[in-house]
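**Q** Which chain is which? The protein sequence lines are A and B, in order.
Numbering-wise, the first sequence is residues 1 to 205 according to our numbering.
Numbering-wise, the second sequence is residues 1 to 103 according to our numbering.
Simulated from the structure, these hints should not be mistaken for lab results.
Hints should not be assumed to be uniformly reliable.
Said to hold, decoys possible - Partial list, computed: chain A residues near chain B (C-beta under 10 Å): (1) Phe53; (2) Gln58; (3) Leu108; (4) Pro117; (5) Val121; (6) Pro124; (7) Leu148; (8) Glu187; (9) Gln190.
What the hints assert, rightly or not - DEER-style ranges, computed between Cβ atoms: (10) A:Leu108 <-> B:Asp96: 27 to 37 Å; (11) A:Leu152 <-> B:Ala58: 24 to 34 Å; (12) A:Pro140 <-> B:Ala98: 29 to 39 Å; (13) B:Asn85 <-> A:Gly3: 46 to 56 Å; (14) B:Leu52 <-> A:Arg78: 45 to 55 Å; (15) A:Val7 <-> B:Arg88: 42 to 52 Å; (16) B:Leu52 <-> A:Met1: 17 to 27 Å.
Unchecked claim - Where chain A lies over chain B, by a calculated footprint (3+ residues, C-beta under 8 Å): (17) 4-11; (18) 65-73.
Glycine is no exception: its CB is placed at the ideal position from the N, C-alpha and C atoms.
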Amino acid sequence: MTGHDLVFVAVGLLTAGGAVFTVTSKNLMHAALFFAVTLGGIAGVFLTLAADFLALVQIVVYVGAVAVLFMFGLMLTRAPIGREALDGQNRGLAMAVAGGLFVVLSTLVIGAFGDLPTAEVTGPRIDDLGIAIFADWVLPFEVLSMLLLAALIGAIVLARRESGESGEELTVTRIEMAQDRDPEALEREQAALTSGSGGTGEEHA
Amino acid sequence: MSPIGPLLLAAFLFSAGVYGVIARRNAVLVLISVELMLNAVNINLVTFQNLLFPGDPAVTGQMFALFIIGVAAAEVGVGLAIVFNMFRNRASVDVDDADLMRW
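If we strip away everything but chain B, and leave its shape as in the complex, we get (with noise of 0.2 Å):
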């Protein structure tokens, strides 16, 4: 198997996360699309892991990938506490609405 297919894929995702968070209102669904940012990083993680090193003894790339795979969770979290705070004090969750540091 070439690692071409995979390493293109999450540049496709890659994309889209990014085209997401341009384009996208919403604050939840820009948290979904750096998920997906997140995720297609993940991809690559584990295509170099297994498809060029195969052999590493501590398997750095899946390492990194389930290290990544935490650190999202408690960014979800964390984001979306956010978000329910914003919608709490603005009755808005538009990101075009978050323009004040403070009030």
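For reference, chain A alone in the conformation it holds in the complex (with noise of 0.2 Å):
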């Protein structure tokens, strides 16, 4: 065992404990939290493996932005806090599902890959990468820069106000209960009313 290996189980035990604490932490920023600490030692793993590029994509594109739009997001919508309130009732069945999915995924692992020699990590290097995006991967990366330009124009769509029919205030009819307001006004308000003299429009004016 190199160092190499000793590197990378330090920096996986960090990412599998924070997968971990993501899916099971009762306090929902602390959840957005270990999210970005996973997505942090994945960026580490990624160092390990010599993918320098990528692992830099990853801080910037998902610990700088997409963590933070996920704290938005748990602001904005203000959300119940507990685990009760956080969890389903089929815990149980998740972690049977997840479980059972983990030993299957294993077994294919070690039985397909188990064999195989250890072999020096070696990576491409950056122009290498910009070589390959811009000479065979062209069409795909347009097609994706297309795709991010409709999403975030579909996201716009989505999540702005309809100011075209809602821009208004509605009017709508307030109900009041009776027992909040004085017992005074109220009577003065029946006495009117039966009296029948006087706009009923004006008593509220």
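If you follow the hints, you should be able to join the two separate chains into one complex; please do so.
**A** What follows is the structure, encoded as structure tokens:
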């Protein structure tokens, strides 16, 4: 076991622990912060796998943008805090499905790649990456930019208020509880209604 | 370095994401769990690229990971917009409450 492996084990444990706390934390903001820790750990995993550019992209896009976006989302939708409010009733089912999936995936991975010799980690140089993007992958790259534009416009259209129809205040019927008002005003109103004199619209002007 | 370690880590992260998607009721936390699953796939792609096919001239594994990061960012934007819309209409982000196609 080389030092490289030791670094990977440390970073991997950090990532796995962050993921566990992300999906089990009782506090919403703590879950989002543990998610940021997990994303940073994944960037570290990319570094130990000699994917430097991808690690930087991970930090810029995920830790910088997506995690902050999720925190905005959690703060703007004020939600109840507490395990019963956050988790559904099917926690046992979720544990069974996730555990079974992990067992199946690990046996498949170990069966398929367990006998591979340990190889030296060699990543492509960053200029090879750039040439590959703009030579072999230029069409998916452009399609991705169009997708991002469509998602941007779609998010704006979805999230904005419909000022066309409901921009002005709706005239709603006000329902007041009788016990909230003082009884004298109620009596005066009653008297005005029964006497019939004087427009009833003037009482509350 | 053996590819077993990163692949097992990716499997664990994916399983954690599955657990979160099933167990969580808050829609934003469900989105976070989906992001965990996408990141697990990214680790797999980079592992295969750099440990099993390091000489590939079109750096396929890392390119796929980059595109997945971009698509995931778009997905987060649209998903959060939908969650905000649901919160405005129903005053709740509980996925158990989202049981109507229209009203």
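**Q** Compare the structure with each hint and give your call.
**A** Here is how each hint holds up against the structure:
1. Phe53: This hint holds: Phe53 (chain A) lies near chain B, its Cβ roughly 8 Å from the closest one there, short of 10 Å.
2. Gln58: Hint on Gln58 (chain A): holds, closest Cβ of chain B at ~7 Å, below 10 Å.
3. Leu108: Interface hint status for Leu108 (chain A): holds (9 Å vs cutoff 10 Å).
4. Pro117: 8 Å, holds
5. Val121: This hint holds: Val121 (chain A) lies near chain B, its Cβ roughly 5 Å from the closest one there, short of 10 Å.
6. Pro124: It holds, given that the least Cβ distance between Pro124 (chain A) and chain B is near 5 Å, below 10 Å.
7. Leu148: Status holds, d = 5 Å.
8. Glu187: 37 Å, violated
9. Gln190: With a minimum Cβ separation of about 36 Å from chain B (threshold 10 Å), the hint on Gln190 (chain A) is violated.
10. A:Leu108 <-> B:Asp96: 27 to 37 Å: The hint (27 to 37 Å, Cβ to Cβ) holds, given that Leu108 (chain A) and Asp96 (chain B) are roughly 33 Å apart.
11. A:Leu152 <-> B:Ala58: 24 to 34 Å: 29 Å, holds
12. A:Pro140 <-> B:Ala98: 29 to 39 Å: At 33 Å between Cβs, range holds.
13. B:Asn85 <-> A:Gly3: 46 to 56 Å: Cβ of Asn85 (chain B) to Cβ of Gly3 (chain A): about 50 Å, so the range 46 to 56 Å holds.
14. B:Leu52 <-> A:Arg78: 45 to 55 Å: 47 Å, holds
15. A:Val7 <-> B:Arg88: 42 to 52 Å: Hint holds: Cβ distance 46 Å, inside 42 to 52 Å.
16. B:Leu52 <-> A:Met1: 17 to 27 Å: 20 Å, holds
17. 4-11: holds (count 7)
18. 65-73: holds (count 8)
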